[in-house]
Every structure is written in C-alpha cells, then in structure tokens.
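Trainee: Residue numbers (the numbering used here), protein chains in the order written: chain G, 1 to 285; chain A, 1001 to 1253; chain Y, 2001 to 2178.
Certain hints may be false.
The list that follows gives simulated cross-link-like pairs (lysine to any residue, SDA-like), each with its CA atoms no further than 25 Å apart [unchecked claim]: (1) K60(G) x Y1217(A); (2) K2112(Y) x V2065(Y); (3) K1041(A) x R135(G); (4) K60(G) x S215(G); (5) K2112(Y) x F1076(A); (6) K1041(A) x F2019(Y); (7) K2112(Y) x Q1074(A).
If you're looking for bench data, these hints aren't it; they were derived computationally from the structure.
Below are the chains, spelled out letter by letter.
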Amino acid sequence: MLGVTGTRSPIATPLNPSASIVEIRNLNYGAGGRPIFSGLDIDIPRGRITAVMGPSGTGKTTLLRLITGQVAAESGSIVVAGEDLRSVRRADLYVLRRRMGMLFQNGALLTDLSVFENVAFPLREHTDLPERLIRQLVLTKLQAVGLRGAAELMPGELSGGMNRRVALARAIVMDPEILIYDEPFVGLDPISLGVILRLIRRLNDALGITSIVVSHDVQEISTVADVVFLLSGGKVVARGTPQQLHSYPSEIVRQFMGGLADGPVPFHYPAPDYFGELLARGEIP
Amino acid sequence: MEELWTSLIESLVGLGDVVRFLLRLVAESPRALLRFDLIAKQIYNSGALSLVIIMLSGLFVGMVLALQGFQLLQRFGSEDALGTAATIGLVKELGPVVTALLFAGRAGTALASELGLMRATDQLSAMEMMAVDPIRRVVVPRFLGGVIAMPLLAAIFSVIGIYGAQLVGVQIMGVDAGSFWSQMRASVGLSDINEGIVKSCIFGVTCSLIAVYEGYYATPTAEGVGTATTRTVVTSAVIILFLDYLITAAFLK
Amino acid sequence: MAKSRTLNLGTGTFVLLGFAALFFLTTQTTSRGISFASPPHYDLSAKFDNIGDLKVGAPVSMSGVEMGRVTKIDFDSKEYKAVVTMRLDARFNQIPTDSDATIYTQGLLGGKFIGLTAGGAETYLKDKDQIEFTQSAFVLENLIGQLLANFAKSSADSGKSKADAPAAAAPKSTEKTQ
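Extracted from the complex, chain G is given alone in its bound form (with noise of 0.2 Å):
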C-alpha cells in the first residue's frame, strides 16, 4: 500500500487533520457490479489547490459525486466542511452545497439564458437580492474571468473556453468555500488552457478557498497543484507534491507521469492467444 495518510512512507508528508476540509476515510463504492472504490482514504487539505489524477475510468468524476453527495457511499465516511454526509438530511445537504462551487466538464449553462443570466442563477434563486446588487455581483465576477463584456451573449455564441469561463464565474458567484473542476483543461487550446490555469491559481489564492482539480493533464495540473493525488484500481497509489510525484518510486506512477504507453497500465486489451487467433479462422485442406 502506497502513500495512503497516516502510513510511514519516507515521501507521504502527514498533514494536520483539521486543516482537511474533506475527509474520506475507508470509502467503499461499486457500480454495475463492479467496485470503483475500495478502502478509499484521502484528505483534502484546506486552502490548497489539490489535484486528483488517474488514468481513465478510476473514477475520479464519481470521486466528484460522492463528495457532493450526489451518490452515495456503500461504507465509510466521508466529512465535507465537517458535514458528515452519511447522516446528512436533504435539505442540509442543499445548504452545504451552496458552500461549494462546481465547474462542470463542458460548462453546464443553462442554455436558455443570457450568460449574465446564467452567472445570476444562484444568486435569483438562493437570495433576496435586490437587482442593483446583483448586477454588481454579477459583473464583478465576469470581471474576474474577463468577460465582462459577453454578458449579453448567450451561451451558444460562445467558444468552450469562455462557456467554461462564465461557468467558473457562476460557481464563485455565491463566494463558496470549496471550488470543484471537473476535467476543467479537456479540449481547450493551448491559450484558453492558460487562461484556466491562470483563474485556478489566482481564485484559489484571492479567495482564500479550498480548490479539487480532477484531471489527467499531467503537464498542466503539475504547475498549479500544491498535492495531488493519484488513483489507480480504486485506491490511493500516490500522494504528495507534483515534484515528488515525478520521481515516486512506483511503476504506474511512473507510467502515468510519463505518459508511458504500456506499463502496469497494459496497452492490450486481453485477448487470447495472437497467433492462434490467426490461425483458427483458416480451413486446413
């Protein structure tokens, strides 16, 4: 077992657990039959931009899922802001999930809506504002994104980048305590890519929150993530900082920091037996 919390490892740095703002402890969690998670221990240290990567299909967007108590686990805990979520009630789960943020892998606006109106969604629903002060609101945080200026637009007039970056806009709007991005780098140039990157670091920094990065972009998250986590076969293989990762004395580290094409990771799907394969289908006379 590998830089799980709380192990000796030479390379896993403990942190102070009450300065996790998510805990998850022994987490267990199956779908179609098979397990996604087993025995899941991760901390989310609070006011750090953490990093959770994987090869595809580890589950890191369920990870996302359970944390916001859109799932829920088979067993064990997981603690958010010090909500326990196994014994959270519906309509404390609404309250707690006003204290987080969530930027969706395309975006998720509403389509039917203006962009300012899009960023104006929380705020019209959740509050008693009165106009003048949400439009402040609003703008301030299409400022902070830079786009100001679309907020006439609606979302199909806009680029995936800036569909992202009104998102963005959207989830700080109610100034949430947790910042979520779910693949926020999938399919974005190389400017938009910067200009996202850019936003995480600074948000996280300005506003003092906590931000959950799940991503496989090993080059970009490396430059913003102060921890990252990697999953592998539903555990923890990894835990640390991106440079101790690079050099983590594990072989699917390894292969996924690389971007190795075969490895613990296997490139064939399996199959039987290559040249019997090829063989069988012929008639011999």
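Please arrange chains A and Y on chain G, whose structure you already have, making use of the hints.
Mentor: Relative to chain G, chains A and Y alone:
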C-alpha cells in the same frame, strides 16, 4: 415463456417508476406555481406554438367528417343531423384524441428532447450542485404547461372542426344552416362536452408526464436523447388510444 | 425585454382562445347554455297514462312554438300515472285552463315532446297548476298489436261467409298430398 414473464415484471417496474415520478411532480406543483412566469413560458411553448398545427388539423378533420358524415346520413335521409354528428364526433372523440396525438408529436417531443439535452450536457446536475431542485425548477413547469395547454388545444380543435364541418356541410353539400345548428343544439348535451373535456384533461396529464419522464431519465448521450424522443411519441400514442377506450366505456354507463 | 413581452402576449392570446373555445362549445352547441340569466318562468304539471320515452329536458310547445321544457318526471302510485312537471317561459302565460297536453314524437323516429292545444276557457293556467286533459304517448307496439287484432278479426269475419270454399278446396288438396 420466461422472457414474457421478465418483460412483464419490467413493465410493472417501469409503470411504478412513472407513477412515483408523477406523485413527485404533483407534490412539487404547489410550490412551482409560485413561479408562475416559468409555467407561463411553458404554456407558450406547448400551447401557443402548437396552435397552427392544431387549427389546421382541426379544420381538415372537420371537413372530412362532414364529407363522410353527409354520405352516410344521406342513406337514411337524415342529412339534417350532420351538425349533431360532426359536433359529437369532434367533441367526444376526434378533438381530444387527435389533439393528444398531435401534441405528443409536437410538444411532447420538444419537452423530451429539451430535458434529455439538459441531462446530457450536465445542466440538471449543475442545478443540483447549485442546490436548486431541477424537478421544481425545470420539470414541473414543463409538466404543468402541458397539462394546462392540452384541454385548451382540444377545445380549439373541436371548434375549428365544427366550423370546417359547417363549411363543407352547409356551404358545399347544401345542408340547411338552420337545421345544422338547431338539431345540434337540441341533441348535444353538456354531458357530451364534459366527456370531451375530461378526456382531454386526462390525455394532457398522460402526454406531459410521459414526455418529461422520458426526457428527465434519458441516457445522457446524443443517442439517448433521440431514443427518448421516439419513445415519447410511441408510448403516448398507445396509452392515449387505450385510455380513450376506457374513458368512453366509463362514460357510457 | 421585448422577448418576454411577445411571450406573454402569445401565452395570453392562446389561453384566451382556449377558454373562448370552451365557452363556445358549452353554450353554442348545447341547448342549455344560451340563456345567461334565467328568464321569469312558471311551472305546470300533467298526469299521463304512458309517457313513452319522454325525457327530462324535452321541449313543450304550442302550435309548434317552443314555450318551455320538461323539468321532472315522477310516478303517482295512487293513480298509477306518470306525473310530468314542466317549466314554461313566463311570456306564455295565457294558456286556457282547459287546454290539453299530448305527447308527440319528433319526426318519424325522433324523441318525444309535449304539445299543448288551447282550450276555450276564459281563465289561464298559473304557477303550480295542473293540466287536466292529457293524451298519452303513441307506442308503436300497441299500434301493431291493434293492427294484428283488426286483421285477425276481419279475416275471421270473411272466413265465416266463405265457409264452403275452403271445405270444397280441402278434399282436392288432400288428394294432392297423397
């Protein structure tokens, strides 16, 4: 044989799901009514935008009804009863049923694909994450919009149909205008109109329910949205025709 | 915003059209709906031996002019007669007290209605009065029964006068059958 049994069980489970979904929608309706602007917009989408197809169809159906009815009644020398025949046929059967089928095709598919798309692009999940209940904000207004729009559309269909019947019967086939209307007034009762209204209300609930259910639970892919749309039309059509029989039989007592 | 204005206009128009259609259907196509305020009226009753399939709501007319409707049908268990209550428009308040009420059939096979024929009395029927003279409905089965009875009777009469002819014919026919 075993396949039949399993598919029967599956259908019952599905039916149970749909009924529980309906109960949830009904439970959320009072609070959704507070946001009447959302419902009004959905009444526009489901009702006002369907007006053209409903009115056109109503006109043609009424005209055909008059043509066929006239031929039939002529054999018994009762052409004067055309007004009655057309009105009863439209108000009790054709109005509710044809409107419901057209509604399923136009408004139902729009609802299903809208919700399916919102599901596929994570908009519904985003709302859940923003602590907004998507059922209350997005699904119930669409459901109520359809429920309110259907009976109104059916009534408009029947009225335009009667006009079309009158157009063919009186203007073209030569039925006496006075007899057309007076016989109708004498023979058509409020109970007939009631039956038509009850039918269109029940159909409204059915079509809207099926449409929003399929859309909300669509598989979040492009394929899934397409499947949801076709299933909406097919399921709605079958259930409407089945319910039509039940309601007509029930009223016959 | 202009967009929401057209939206509201569209919705409002649609809903208005819908309710107008419902209103039209309930009032213009049925016999009940046209009167908005109930005009002044008075009630009369009449007893019949047989009302046939006269229904509540059937029209009551005199000289072909509709004056009112049947409102209630009861049974008098003392006299074993049907008691029909009808409501007439108060405009038609000069019906003589010796008028009679007959149940007719609309057209050949239509529904039943009540026709009033004026008598010659100087006084007029008032609210809650009873029409004395009535004629029951025409029942088809009775007519057929009567016709058959008449036919049987007339053939029996003619049979007596020609008693010889059938007797003379009988032996011939019996020979034929052998």
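Trainee: Among all the numbered hints in the text so far, which are the ones the structure does not match?
Mentor: Hints that this structure does not satisfy do not exist here, as all of them hold.
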